[in-house]
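Trainee: Start from chain A and add chains B, C, D, E and F according to the hints.
Chain residues, written in single-letter form:
6 protein chains.
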Amino acid sequence: MRILVVNPNTTASMTEKACLAARQVASESTEIIAVTSAHGPVSIEGYYDEAMSVPGMLQAIQAHQDFDAVVIACFDDTGLDAARCITDKPVIGIGEAAYRVASMLANKFSVVTTLSRSVPALEHNLLRYGMERQCIRVRASDIPVLELERDGSEAAHKIAQEIELAIRDDRAEAIVLGCAGMVDLAERLSAQFSIPVLDGVTCAVSLCESLVRLKVKTTRQGGYAPPPTEKMTASALHATGCQATD
Amino acid sequence: MRILVVNPNTTASMTEKACLAARQVASESTEIIAVTSAHGPVSIEGYYDEAMSVPGMLQAIQAHQDFDAVVIACFDDTGLDAARCITDKPVIGIGEAAYRVASMLANKFSVVTTLSRSVPALEHNLLRYGMERQCIRVRASDIPVLELERDGSEAAHKIAQEIELAIRDDRAEAIVLGCAGMVDLAERLSAQFSIPVLDGVTCAVSLCESLVRLKVKTTRQGGYAPPPTEKMTASALHATGCQATD
Amino acid sequence: MRILVVNPNTTASMTEKACLAARQVASESTEIIAVTSAHGPVSIEGYYDEAMSVPGMLQAIQAHQDFDAVVIACFDDTGLDAARCITDKPVIGIGEAAYRVASMLANKFSVVTTLSRSVPALEHNLLRYGMERQCIRVRASDIPVLELERDGSEAAHKIAQEIELAIRDDRAEAIVLGCAGMVDLAERLSAQFSIPVLDGVTCAVSLCESLVRLKVKTTRQGGYAPPPTEKMTASALHATGCQATD
Amino acid sequence: MRILVVNPNTTASMTEKACLAARQVASESTEIIAVTSAHGPVSIEGYYDEAMSVPGMLQAIQAHQDFDAVVIACFDDTGLDAARCITDKPVIGIGEAAYRVASMLANKFSVVTTLSRSVPALEHNLLRYGMERQCIRVRASDIPVLELERDGSEAAHKIAQEIELAIRDDRAEAIVLGCAGMVDLAERLSAQFSIPVLDGVTCAVSLCESLVRLKVKTTRQGGYAPPPTEKMTASALHATGCQATD
Amino acid sequence: MRILVVNPNTTASMTEKACLAARQVASESTEIIAVTSAHGPVSIEGYYDEAMSVPGMLQAIQAHQDFDAVVIACFDDTGLDAARCITDKPVIGIGEAAYRVASMLANKFSVVTTLSRSVPALEHNLLRYGMERQCIRVRASDIPVLELERDGSEAAHKIAQEIELAIRDDRAEAIVLGCAGMVDLAERLSAQFSIPVLDGVTCAVSLCESLVRLKVKTTRQGGYAPPPTEKMTASALHATGCQATD
Amino acid sequence: MRILVVNPNTTASMTEKACLAARQVASESTEIIAVTSAHGPVSIEGYYDEAMSVPGMLQAIQAHQDFDAVVIACFDDTGLDAARCITDKPVIGIGEAAYRVASMLANKFSVVTTLSRSVPALEHNLLRYGMERQCIRVRASDIPVLELERDGSEAAHKIAQEIELAIRDDRAEAIVLGCAGMVDLAERLSAQFSIPVLDGVTCAVSLCESLVRLKVKTTRQGGYAPPPTEKMTASALHATGCQATD
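Residue numbers (our numbering), protein chains in the order written: chain A, 7 to 252; chain B, 7 to 252; chain C, 7 to 252; chain D, 7 to 252; chain E, 7 to 252; chain F, 7 to 252.
Incorrect hints may appear among the rest.
Because identical chains cannot be distinguished in the list, a pair is counted as satisfied if it fits within a single copy or across any two copies.
Unchecked claim - Quick list of in silico lysine-lysine cross-link-like pairs, DSS-like style, CA-CA up to 30 Å:
| no. | residue 1 | residue 2 |
| --- | --- | --- |
| 1 | K223 | K237 |
| 2 | K221 | K164 |
| 3 | K223 | K164 |
| 4 | K164 | K237 |
| 5 | K221 | K237 |
The hints are simulated quantities; they were obtained by calculation from the structure and are not laboratory data. Everything numeric in this text was worked out from a predicted model, so none of it was measured.
Next up, chain A with everything else stripped away, as it sits in the complex (with noise of 0.2 Å):
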């Protein structure tokens, strides 16, 4: 099976990070393709780099039409709905997937994400996914996110610090790591707090594996019906214009 892992940001050093998470965790037999988006900002964080970084993700993945699912590698599950209107195959984004495994294994969590301008996307989207019971708050470490990428930066002992908070001041039975750059610490916070704390990354995959392997596929009804093969035609065609001038 092969999952496409979308970063649609344009940090090469994050789709690598996330790359490196999805190989650990996936199937021998899976074969894990990363890209990074061509064009938009390069890190994600708030309303604006979201809508800004949607069509170069979603040029990503019409590219690469030789895969059965799809991981979208932002934790504010940018585009994803726009991305399941344009295949069949299974997407799935890192801050969904965490949430919802964290929501198997716990009756109430708290995420721990990057800045606070960040935090009201991520409440819409748990609102959205039926969480705002389930997820007691989101918690802004105040890290910008390409700081997570810095060497001696400060970051794991700032998250950390939220979690403790999270499990004494939200009763959190288990905590989301807010953030695709985070990843790498997963491991050894659940360690450190015996409790379960969950990478989006590794989710998302691992729960992309199970629906290619039930052979389910997105709806083509309503809301995920496909569009007009013109429209999605005309945007290929002007996104390659847009790249011709990178």
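Mentor: Relative to chain A, chains B, C, D, E and F alone:
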């Protein structure tokens, strides 16, 4: 006061229709600046079109800095949150505007929109705005957006039929017309059915005038915090490249 | 256009303050008619005052038929639904108005009101309007309404303290001032805290202007259907009797 | 124990009917004191009537201090919150009572009320009480309240028809009759449809007996804190004046 | 009237305490039949204990057919829905009863229970009953159930501390004591804190008396439809076998 | 990896059917251990059967310690929370699994189950999981569970009829089959109706494989904290006694 009415799709006739409606309701001293997105889909029907239209729409807003408020003239409120990040001037979507006006005039309302593929996106918006109880049902009339632009179309008739059902079966006390292309029908249908039948364009222009007179601004804290300048510049540069290839 | 601003309590100085604020925000061509309820409580703090003030307020509206819209100048939106039954002109409560404006400017807001006894009534309104998720918390500053009218009062200071807490602890992106008597503080506090601080009177007047320009009416179907004439006459007669004894 | 059953409308025949029903269910040692509001509408159908009836009803309660609990005998639970501010004795509305009993006997229920104009007010109450999921639908039978008092009326037949629809279409497991005037139908309809058909007056009287036996009181903190004495006296004085002119 | 008070755990001293409390509040003519489950856990603290106690409790109910109503004397309302399937007599859980009484006396309340492991189960019940908005918070005092039975225990002191926090931080207007073992504390704590402090056993007994006087029955349609006789007999037979091995 | 598929009813043919389905979807290296509960009802239709089946099911889990994950093969997710307390291995109910898969493939879905008596229990689960908005309706086909086991049954036809209604009237984008006994119908019905038709057994097995590969565990904090050893031992002993008498 200058209100920017931005049509996020690329069909100029829809921009003109929205502009005309905007001018009818605007105060004498209000200038309506109507712009059509330079690139993106010809109509917005569902998640994919929404996603593909947002960058073009944001670029159109960034290109017109000299305004006091912005109306997003698509009933899906395409890119509303992102637009609020790039200006502290009030930004209102026409879907949002119609819902808010409806809820000041009636206990409960129904929406009559175009295609059923648009329904889930509208339902997500309604939930996000806290309107999931006041809006009883989003009804699809199964008319494609551009059919509304065609002379001799059956559209008006089909919409009237859905309104009749909404009054009888949903016990709707008001109706929201769910597409910018229906702007010319509202007055006639209000008279026909003796309940408020609302169009989003006029509602949004009028609410914008309110907010400008109130001298209020979109918050700069939390989810609508402005993106860092380098991100804005990067996407503007990219956008220029894009337009050159059109 | 003529907007009736009705103060449902009997304290004329509050009517004057509301009237002044209303005039500042109203368009030049808008006439503000400010009326004080002829009988009822001197201030509205909680359910009992609300209930006792409604008939006086409704009679004041019935006595002034020559208006285009009505503002109910009490933050509890006292008698809002009943008022919508006796006129097809738009009727807006100042609490409702401030919440709706806040939700067009910010993802989340908190309310700072007077006494804690008023909090549950406001929370019921927020729930009814679908604002229970966008309003994070209703905070009581423990200032009686009439204390806001006294020179040299500590009120402004206490309100500022609660706003500080709302920003820090509720992560509020905007503030709604929860009493008609706070109308003169909004501008100063907005500047002090760099987020929107909204007052209901100005919001309601401005939204009324919008609705009048839109030529929309309160629905006459369902919950806002007009009461039969004999019921209206009966209560008007009774009201006359009441006033004669004052 | 003495239970005050206050009819907030001025139709004495409805008070008598409620009183009769109250006595049938009350314990032998319980005294029912039935009072009719001295002024206000002849029936309560929607928001306007509700608002106009509350002061008269509160005055009736204040005039009868020697009671152990109060039943508000209008299905809209008119003035319930205000009444709880003026006495620490338990106060129950008949709508509230019937909903609470229904939810101890069935997973889901429907309401059959009189006019459709009353439906939104009832739906607001249900939401406030947390019954919006357990109550599937509020059905209007389109019978005016006073028609229920007329001999030879079609009312009972129409109500039975709505119950049939509620069982078939709403999958209701119990029915709440939504008007004090339907009190004499409950037993017969329960037998006819083999599910609980509940009337609010009897439910409220019986719940009042429970609360009195439990020796519990309405809280004096927060939203039900008693108004200051001078406000109570002022309105009592005004009320006396009012009644003198009747 | 005969009310069966069934203690779903096997600790007889708790049954006695509940029985004593039940008798204090019951009418003179009401007979309290208190039974202890023949097998199952010694105390009910969380999901596992709940599940293991239900068959024993149902068998205890089936063994005592001569009653008019049933009280399930565990604050988790263990097996409430199942119990409603095996008798058409009213069945009330003590958690449910206390919540319903609290919501007739106060706008908002908090629960003070024993161990934090019980909190999610209580929160699920509150959600199911529609109390998730009226109950602000379920607080764990970290006292094991059986510690409440021990002389000289610190339990009462710790509970009082949590009530203090609930009033200050949750703005609770009433308190529900979240364990059958706290029944003897309610009256004293009500006096100490000047707000209603409710115990479930007394609330449930009193509500049962209400329902019996109302002559209402649990619905036999839908979710509470009685299981086929052969299933009832099978489990009764099995139960007998079980008891023989005790 | 070893997955324990536990059938909480005592009908071995249903266990076999579930086991067969489980094996079809499981990876080659996954071993399916299917167990039938030693005592309890022959089928689970509603609250009573659920309650009576849980201890037997928990004992079956306790008896098989050598597994990596547990599937509860009853669509009511019988005893799911209790099972999560007795092992830190992932435990998934087949109802829960199907809902979660459906919500990754479609905006909205409907459930088609067996008897209407099961509907409220399923609705409670959906609410608890946060699926009450995504699941539009739970439809009863009025087929008893064991009828699904009978050759020549009309069951498949009736189920197809309900799916047709769900697509037309509920605007369902996917269908969840609400009974373990329908496992063999999913594939055929998916093809027939061109939307995802999901069966819980296969969904649960596949999700279990995901969780095991992720190396995540059920939380040991809060609601799923393990019961004290003496309670576990007590119930195990009792269970042994029980089985001896069978």
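Trainee: Taking the hints in turn, state whether each one holds.
Mentor: Status of the hints after comparison with the structure:
Taking identical chains as interchangeable, the C-alpha atoms of K223 and K237 lie at most 30 Å apart only when both belong to the same chain, with a minimum of 22 Å there against 36 Å between chains. Taking identical chains as interchangeable, the C-alpha atoms of K221 and K164 lie at most 30 Å apart only when they sit on different chains, with a minimum of 25 Å there against 41 Å within one chain. Taking the shortest alpha-carbon separations for K223 and K164, only the inter-copy value of 25 Å comes in at or below 30 Å, while the best intra-copy value is 40 Å. Taking the shortest Cα distances, K164 and K237 sit within 30 Å of each other only across copies (25 Å), while inside one copy they are farther apart (45 Å).
In this assembly of identical chains, K221 and K237 lie within 30 Å of each other by CA distance solely inside one copy; the values are 28 Å within and 38 Å between copies.
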